[in-house]
Amino acid sequence: MTDTQQLLDRAPAALAETPWEVVVWDDPVNLMSYVSFVFRSHFGMSTEQAEERMLAVHNEGSAVVARAGREAAEMHVQAMHGFGLWATVRAGDAGTGA
Amino acid sequence: MSVSIGAVHLDHNGFTLLLEEHERAILSDLATQLIEVLEDPTDPVAERLYPDAYPEDAEASAEFRRLTRGDLDDARIHGARLLADTIPADPAPALSRADAETVMRALGDLRQVLAERLSITTQTPEADPDEPLTGLYDWLGYLQESLVLALVRGDEESGRLAKG
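So the protein sequences, as listed, match chains A and B.
Letter by letter, the first sequence follows residues 1 to 98 of this note's numbering.
Letter by letter, the second sequence follows residues 1 to 164 of this note's numbering.
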């Protein structure tokens, strides 16, 4: 019974969608201004956020640009591929609750 | 609003690429070649345009590609056709916002093709300055950047993009 109760207690968290991460990788072809524009236009980022994420991609080799349920994350990746960006999806760290 | 940004003029009629006659000829020729490349599934540029969505899971990546590539290819070929059809016109037509974005994307696709031919990779990111295609690659970058900046300007003006 205790176990069942514990499961019930945890249910809301367990049912919440696992976050998946949309990762954009640095590539030598796409222009920095273009990548910023894509981030603003597609993800609705502010200019500042878009510049920050674009520079993170550029300087660190990759950056997480969105967290979402798996289906939504895959749609973002498809959109990024449509823009010619190198994007991947991966299971996020559920522990961060991000 | 009436403003020129690099190779693009933006006013109430839309986005106009300011190109010389020989530049239009080159660009429409490249667009025609882009269609051929996009219609050839074995061309190595496909690896750049359709990278693995799941780098550590070949099966999931293949499934993702199966589900998404057809639509993306259709959109790319539409963009290359738009470029091939509109660029040769003189005087240059003013493009709608949607068509300007489509052309911006097609210019990016063209750069990916040239990058493939020039062996520009993450390990060797600089184009060989002695290679004739390098000038073309840089010029396409200039055209694309002009369109990006003009789209930003137009989208901020229309409220499609938030300023700041």
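Some hints here could point you the wrong way.
Here are some chain A residues pointing at chain B (derived, C-beta under 10 Å) [claimed, not checked]:
1. Phe37
2. Thr47
3. Asn59
4. Glu60
5. Gly69
6. Ala72
7. Phe83
8. Ala87
9. Asp93
Just so you know, the hints here were simulated from the structure itself, not pulled from any lab data.
Yeah, the Cβ is synthetic: ideal placement off N, Cα and C, and Gly gets one too.
*Which of the numbered hints above does this structure break?*
The structure conflicts with hints 3, 4, 5, 6 and 9, although it agrees with all the remaining ones.
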